[in-house]
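Visitor: So the protein sequences, as listed, match chains A and B.
Counting from 4, one number per residue, gives the positions in the first sequence under this note's numbering.
Counting from 454, one number per residue, gives the positions in the second sequence under this note's numbering.
Calculated directly from the structure, the hints in this document are not laboratory data.
Remember, it's a predicted structure, so these values are computed and weren't measured experimentally.
All C-beta atoms in this analysis are idealised placements derived from N, C-alpha and C, irrespective of residue type, glycine included.
Among the hints, a few may not be true.
Taking beta-carbon pairs under 10 Å as the criterion, some of the chain B residues facing chain A (in silico) [stated by the list, open to error]:
#1 D464
#2 S466
#3 D467
#4 D468
#5 E470
#6 D490
#7 P515
#8 T542
#9 K563
#10 N565
#11 E566
#12 M567
#13 S568
#14 I570
#15 D573
The calculated label-pair distances, taken between Cβ atoms and stated as ranges, are [claimed, not checked]:
#16 A:N170 / B:G556: 40 to 50 Å
#17 B:S466 / A:S233: 19 to 29 Å
#18 B:I529 / A:R310: 29 to 39 Å
In the DSBU-like style, the derived pairs of lysine-lysine whose C-alpha atoms are separated by at most 35 Å in a straight line are [said to hold, decoys possible]:
#19 A:K275 / A:K307
#20 A:K307 / B:K499
#21 A:K226 / B:K477
#22 B:K497 / A:K275
#23 A:K89 / A:K103
#24 A:K175 / B:K551
#25 A:K307 / A:K318
#26 A:K121 / A:K89
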Amino acid sequence: MNKDTTFLTDIEALKAIGHTWLEAIIHSSDDAIISKDLNGIISSWNEGAHRIFGYTQEEMIGQPILRLIPKDRWNEETVILDRLKKGQRVDHFETKRLTKDGTLLDISLSISPIRDRKGCVIGASKIARDITPQKEAERIVAEGRERFRKELETTVQERTHELAELNMRLAKSNYELEQFAYIASHDLQEPLRKIHVFSELLEEGLQQGADPAVLRGHLHKMKSASSRMSRLIKDVLEYSRLSRAESSVAIVDLNEILREVLIEFDLWIAEKKAVVSVDVLPSVPGTASQLRQLFRNLIGNSLKFCRQQPYISVKVSKALPAMLPSLLQSRKGISFILIDFQDNGIGFDQQHAERIFAIFQRLNSQDAYSGSGIGLALCKKIVENHGGAITATSEPGNGAAFHVFLPA
Amino acid sequence: MDPVKILLIDDDSDDQEIFTWVIKSIDPLLVVDNATDGVQALEKLKGEHYRPHLIFLDLNMPRMHGLDCLKHIREISWLNKCPVIVYSTSSNPQDISKCRQAGADDYIVKGNEMSVIRQDLSQALKKYNPRLPTIHE
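Let the sequences and hints guide you as you build the complete structure.
Guide: If you want it as structure tokens, here you go:
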């Protein structure tokens with residue numbers, strides 16, 4: 004059965020009980036169609052009004068329209084009547100009206116004046132549409148928009164924060180790079196100068212027929228200067244490579260690392276008759292090659308900076324929170340181990356304890372102890388790559404201790 | 454007459470060698486003495502009998518920075534008239550002004566070539582040597 008047929012059937016039914024065609028249209032409308040006189044008394048009430056407001060025809064005809072209006076909106080009726088008396092319409096006025104059971108509905112009103120044959124306004128015809136679903140939809144959309152706006156704001160804030168942090172890191176990285184470039188180029192100039200000057204001396208010596216031993220001496224200086232340069236360049240490359248995050252992270256057995264490093268140094272250890280005592284070390288998350296470099300630099304230093312028989316010890320303990328350097332204090336929820344590298348070498352003045360980890364900083368002259376001054380800077384970078392920290396304590400002539408904190 | 458004695462305070466043995474070679478080539482009669490750092494230099498200088506006529510001082514040295522050494526030297530009363538020339542690889546203007554303020558008579562940046570080194574040192578000798586030497590240009 005299609006719609007039209009149903010409609011006609013309804014009309015037929017209505018006609019059957021005495022309604023005219025137009026009356027039938029009014030009664031079958033979904034909207035509330037109400038008429039009232041200029042005193043606001045209801046004179047007609049359709050099925051739609053019954054459905055929307057809950058009152059029957061009998062209950063409402065002869066009653067004031069104010070019954071539908073919430074008390075705080077009674078002034079609307081005054082305004083509406085005023086307009087009607089002037090012959091004006093009210094179109095799609097969105098407001099709220101009360102149903103029989105006290106529910107407040109969102110309503111859209113259209114009101115037009117009814118005139119007699121003389122053209123005088125004698126009442127009003129009111130169409131009220133229940134716009135609750137529409138209002139609900141609007142509310143949902145508005146809520147959605149607000150939620151979206153809030154999420155967008157949060158996201159923007161987060162991104163801004165991330166960008167600010169990234170900027171800070173970049174600025175720091177740029178600064179470090181500048182420092183690095185300055186110091187590297189400066190440190191490379193020294194051997195280069197030597198090569199140049201000694202080659203000139205060599206040339207002059209050859210012209211003047213100088214003693215071959217002297218000339219050989221100049222050549223030797225040139226060679227050792229160029230070795231210094233190549234070692235420095237190698238160290239610089241190594242240091243810069245360390246700045247990148249490593250992809251090969253695994254659980255590394257530190258005993259294995261220590262064993263490998265001691266094997267690398269076995270000739271030197273035998274030569275110096277060094278005694279190395281070690282604890283059983285744990286395994287930690289990290290990059291084996293970097294940890295090996297760390298151990299190599301620390302043990303190598305202990306062997307190098309020692310004038311007597313070296314005694315080196317590697318001890319491990321659990322790092323108590325009070326012992327952690329300030330860098331790590333803020334890292335909540337992570338437990339650290341402490342590896343102490345202790346030697347009996349020349350030591351250093353405690354006031355230099357931080358400076359020694361700066362790149363290219365050497366406390367001793369090149370002649371006394373060779374080296375580019377990058378070893379401890381590498382150690383610091385490696386330890387920090389692993390989320391840890393390194394500090395040192397020492398006294399001149401009384402050996403040095405290096406404290407390596409690593410996340411367990 | 455005592456030979457003119459020049460004290461070079463520098464930890465780099467190559468630089469010591471080059472310096473001595475050049476000074477001697479300018480005037481073979483000059484005596485060049487070496488101290489490998491500020492601490493050793495001050496030990497020497499605090500003995501009243503040790504009186505150099507001219508001091509050349511490097512800056513970047515272990516144990517004691519040249520600037521601190523300079524300040525200590527300037528506290529030694531009998532060396533008040535001894536010219537102290539800072540001789541360093543650093544061309545940093547801050548280093549230069551700090552040294553001047555601490556009482557250095559001159560500041561020479563170590564040259565990269567023999568000709569420059571010879572020129573710088575012979576000019577310095579002309580200016581600060583109490584007795585005019587025979588200058589080999």
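Visitor: Next step is simple, just say for each hint if it's right about the structure.
Guide: Here is how each hint holds up against the structure:
no.: 1; hint: D464; in the structure: 4 Å, holds
no.: 2; hint: S466; in the structure: 5 Å, holds
no.: 3; hint: D467; in the structure: 5 Å, holds
no.: 4; hint: D468; in the structure: 8 Å, holds
no.: 5; hint: E470; in the structure: 8 Å, holds
no.: 6; hint: D490; in the structure: 7 Å, holds
no.: 7; hint: P515; in the structure: 5 Å, holds
no.: 8; hint: T542; in the structure: 7 Å, holds
no.: 9; hint: K563; in the structure: 7 Å, holds
no.: 10; hint: N565; in the structure: 5 Å, holds
no.: 11; hint: E566; in the structure: 6 Å, holds
no.: 12; hint: M567; in the structure: 4 Å, holds
no.: 13; hint: S568; in the structure: 8 Å, holds
no.: 14; hint: I570; in the structure: 7 Å, holds
no.: 15; hint: D573; in the structure: 13 Å, violated
no.: 16; hint: A:N170 / B:G556: 40 to 50 Å; in the structure: 45 Å, holds
no.: 17; hint: B:S466 / A:S233: 19 to 29 Å; in the structure: 20 Å, holds
no.: 18; hint: B:I529 / A:R310: 29 to 39 Å; in the structure: 32 Å, holds
no.: 19; hint: A:K275 / A:K307; in the structure: 10 Å, holds
no.: 20; hint: A:K307 / B:K499; in the structure: 33 Å, holds
no.: 21; hint: A:K226 / B:K477; in the structure: 25 Å, holds
no.: 22; hint: B:K497 / A:K275; in the structure: 34 Å, holds
no.: 23; hint: A:K89 / A:K103; in the structure: 31 Å, holds
no.: 24; hint: A:K175 / B:K551; in the structure: 28 Å, holds
no.: 25; hint: A:K307 / A:K318; in the structure: 20 Å, holds
no.: 26; hint: A:K121 / A:K89; in the structure: 15 Å, holds
The earlier numbered hint that this structure contradicts is number 15, and it is the only one.
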